[in-house]
Every structure is written in structure tokens, then in C-alpha cells.
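Chains A and B are the protein sequences, given in the same order. Start counting the first sequence at 3; every next residue gets the next number (this note's numbering). Start counting the second sequence at 3; every next residue gets the next number (this note's numbering).
Hints in this document: simulated from the structure, not taken from any laboratory. A few of these clues could be false.
Identical copies go unnamed one by one, so any copy, or any two together, can satisfy a pair.
Calculated lysine-lysine pairs in the DSS-like style (CA-CA distance at most 27 Å, straight line) [stated by the list, open to error]: (1) Lys-74 to Lys-37; (2) Lys-37 to Lys-186; (3) Lys-126 to Lys-187; (4) Lys-52 to Lys-7; (5) Lys-71 to Lys-186; (6) Lys-187 to Lys-37; (7) Lys-52 to Lys-126; (8) Lys-143 to Lys-186; (9) Lys-144 to Lys-128; (10) Lys-37 to Lys-126; (11) Lys-37 to Lys-7; (12) Lys-128 to Lys-37.
Since this is a predicted model, take the numbers as computed values, not measurements.
2 protein chains.
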Amino acid sequence: MRYRKVPDETVRRMPLYLRGVRVLSERGQSNICSKSLADYLGVSAWQIRKDFSYFGELGKPGVGYDTSKLDKQIRRILNLVRSHSVVLIGVGNLGSAILSFTGFGQYGFNIIAAFDCDANVIGKKKGHVVVDDVSEISRLKKNSVDLGIIAVPASAAQEIADVLVSIGIKGILNFAPVYISVPKKVKIVTIDIAIELARLPYYMSSGQSQGAWE
Amino acid sequence: MRYRKVPDETVRRMPLYLRGVRVLSERGQSNICSKSLADYLGVSAWQIRKDFSYFGELGKPGVGYDTSKLDKQIRRILNLVRSHSVVLIGVGNLGSAILSFTGFGQYGFNIIAAFDCDANVIGKKKGHVVVDDVSEISRLKKNSVDLGIIAVPASAAQEIADVLVSIGIKGILNFAPVYISVPKKVKIVTIDIAIELARLPYYMSSGQSQGAWE
Chain A
3 MRYRKVPDET VRRMPLYLRG VRVLSERGQS NICSKSLADY LGVSAWQIRK
53 DFSYFGELGK PGVGYDTSKL DKQIRRILNL VRSHSVVLIG VGNLGSAILS
103 FTGFGQYGFN IIAAFDCDAN VIGKKKGHVV VDDVSEISRL KKNSVDLGII
153 AVPASAAQEI ADVLVSIGIK GILNFAPVYI SVPKKVKIVT IDIAIELARL
203 PYYMSSGQSQ GAWE
Chain B
3 MRYRKVPDET VRRMPLYLRG VRVLSERGQS NICSKSLADY LGVSAWQIRK
53 DFSYFGELGK PGVGYDTSKL DKQIRRILNL VRSHSVVLIG VGNLGSAILS
103 FTGFGQYGFN IIAAFDCDAN VIGKKKGHVV VDDVSEISRL KKNSVDLGII
153 AVPASAAQEI ADVLVSIGIK GILNFAPVYI SVPKKVKIVT IDIAIELARL
203 PYYMSSGQSQ GAWE
């Protein structure tokens, strides 16, 4: 399913809504209104309705949303109906943390391989995979992997991204604090942890009110 | 320095600009234009000028920005002129990765303490700190710490946040995939790694063009 002109910020919030719908559903709520979802997630109900409006009518006005239907609809919108294979490059501290993370499965992500250049790490089992030599990435069958996670130092990130693009990766989650150039058809999301921390002090003196999630 | 009505998205991008300014400065550029900064960071020059406009005139029209002045000005805007003390709660895989991370210093962050509830971790040295028992957090002197990083399981995150608020923490970087309620004066930024990954498949079929950073 393809939707044009949907703001990136809306796409960014949709998985958050999915997480909220699931928690409320697990709590036995088979029907929810945007207000209850908003309260649970710490966002505004107006924002949720606005975001949903990009994808047509997801619920019936006044009667709220059927949680199991909404779960399925959001997964369809986000292309999460089928599972996606993921490779991780860089099995240092952060990469090891990612491999031990159990939260990916609920969105249908399978980390199928991990790569590093450190001989002390190659061949070791981490999470569900055995770490391979990074020089082996290019031997992955073309288009056999959907997404890549880059957790290497900044100096190596571009080279790794180029290899990932060459084997047909469609999206990259990058933790290296550096700009990576990729073809337009490849989506890249960068999480620079230091930069996320660096915006907190701004609010220490300004006393601005704000939501808990953005 | 306090600026009202600055969008959160602008504040989010300011540390990114700071990172870019520094790299270009280290490369010997004492004067840069918004275009060269934009090209380096993979954002639009228009966006940079718009973001800067919230904080008055940062450069002279037509002659660009003096990098060392711009560095100082952005740090002043972001309240990064002085250093900030940080505590980390949760020294599992992710917490250990954060403690070993060397990128915080450049923004003036010092992780001064780390806490966990696991007896196998308490007392061990990780990065520059020795891990303390989580029950000791409340013994930190009130207002002696600026920021907190939460890297505990979702089920424990709210309780930890409450303790951090009680000792006067002003901002929280939260990695637990859950909504945390804090007083309005406390800024909280949540990084849910699975959710960041979960928005990539949306772009796999839509073929939308997009920048490398957002």
C-alpha cells in the first residue's frame, strides 16, 4: 500500500501508535478512542487523528477504533505485515546490545546476520547469530536482506553503507555520528545518541512545557 | 539565554549543526556558508537558515558564518557552554555501551555515576565509573545532577524516572520503550530503537525521495 505526501514525522509516529494499540489491546481493550491512545502515549489526540487522516478513515467517527483491526491497518500502512530480514554491522558494545535486544520481534524483524572486523568477535555467538567477518557481507545474496543496522565507528560508516546498498538493502538504521550518503531509493535513519542528549540542556532554563514523546 | 516558541524540531537539529560546524572547522574552514554546512550534513540550506532565524542573526548575509563564533553561539543557545553531569540507570548491554561511548565529552557531558540492581554488576568498573546499587540514587544530593539516562526494562522505567525527578533532574534520555510521565518542567526524550527501525519498511515500496538525516 502506497501513500504519497505523508510527512516523515507522521511515519515516525505510526510505529509508536502501533505499540500503544498493542499494549491497550493486551490490557483487554478491544475498542479504543484516540483520547485513550493519546493519554497512554503522552501525545495529543488531535495529533493522532491528524496522522491517521493521511491514510483514509481508520476508525468510525464517535465509536473509536477496533484495536485488532487498527493493529492490522497500521501494520499494512507501515509495510510490517510480512517479516523483514535485518543485518547488523559492528558488534561492539552497542551492536552487542542490539543483538541481545528482544523488542524487534514484535514488529516482525529478524536479525539474520551480524558482521565485525575484530578477530576476537568473529565466530562468536551473540544473540541468535554467529558473528561473521565483515568482508563476507558482499557475499550475501543480492536482495536477500531488507534492512541494515550500522553500529561501526563514524570513519567506517560510509564504506559499510556502500556495501549494504550494493547488495540491495532498502533501509538503514545508522548509529554512527556522521552523515552517510546513499541513493535516494534507500531510506536512512540516523540515531546519534550524543546529539539526542545534547538537546536536553536547552530546556533546563527555558521552562517550556512539552509532551513526553516526540 | 532563553528563546520562546522555538519548535522542538529546530532544537533537535541544532546539535546536529554544531557537530557539522566542528567537523568543518577541524578541516580548516574558518568561514562557512549555510550551503556547505547543509551539504556536509545532508539537510537543506533553507532549513538551516530557517532554524537559525529563531535565534536572531547568527551570521552576516552573504559572507557566511565564522565557524568558531558559530560554535560558541550554538553552544550558548543550547545551554552547552558549561558542562553537565549525567547519571545512567541500567547497566545492561545498552547501558554498558553508553558508558563506553566516547562521544558525550565533546558536548560537555560527564557521566558521573551509574546504577543497577544486579548484584553481578554493582561494584564493577564500567567506563569511568563504578556501578552503584540503584537504591543509592536517592542519596545523590538534590540538584547535584543535571540529566539522567534510563536504560532499564520498560517495567521499571517510570519508577526510576520518579526517583530522578525527586533528586531534581532536569532532563531524561529514555531508552525504555514505554511512555514515562514526568512533571512539565522536566524534558524527556525517548529513543525506542525498535520503533526507529519499524518506520523503515514504509519507504521500501513507496520510493519516496528523502534526506539522510531527520
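Hint by hint, here is what the structure shows:
Proximity of Lys-74 to Lys-37 under the C-alpha cut-off of 27 Å is restricted to the intra-copy arrangement: shortest distance 20 Å within a copy versus 43 Å between copies. Taking the closest pair of Cα atoms, Lys-37 and Lys-186 come within 27 Å of each other only across two copies (19 Å); inside a single copy the shortest separation is 37 Å, beyond that limit. In this homomeric assembly, Lys-126 and Lys-187 never come within 27 Å of each other (Cα to Cα): the closest approach is 34 Å inside a single copy and 46 Å across copies. In the homo-oligomer, the alpha carbons of Lys-52 and Lys-7 lie at most 27 Å apart both inside one protomer (14 Å) and across protomers (22 Å), since each shortest distance falls under that limit.
With identical chains, the CA atoms of Lys-71 and Lys-186 are never at most 27 Å apart, being 33 Å at best within one copy and 34 Å at best between copies. In this assembly of identical chains, the alpha carbons of Lys-187 and Lys-37 lie at most 27 Å apart only when taken from different copies (23 Å versus 36 Å within one copy). In this homomeric assembly, Lys-52 and Lys-126 never come within 27 Å of each other (Cα to Cα): the closest approach is 47 Å inside a single copy and 49 Å across copies. In this assembly of identical chains, Lys-143 and Lys-186 lie within 27 Å of each other by CA distance solely inside one copy; the values are 22 Å within and 50 Å between copies.
In this homomeric assembly, Lys-144 and Lys-128 come within 27 Å of each other (Cα to Cα) only inside a single copy, at 24 Å, whereas the closest approach across copies is 40 Å. Proximity of Lys-37 and Lys-126 under a CA criterion of 27 Å is satisfied in neither setting, with 47 Å inside one chain copy and 45 Å between copies. Both within a single protomer and between protomers do Lys-37 and Lys-7 lie at most 27 Å apart by alpha-carbon distance, with minima of 26 Å and 25 Å respectively. Proximity of Lys-128 and Lys-37 under a CA criterion of 27 Å is satisfied in neither setting, with 41 Å inside one chain copy and 43 Å between copies.
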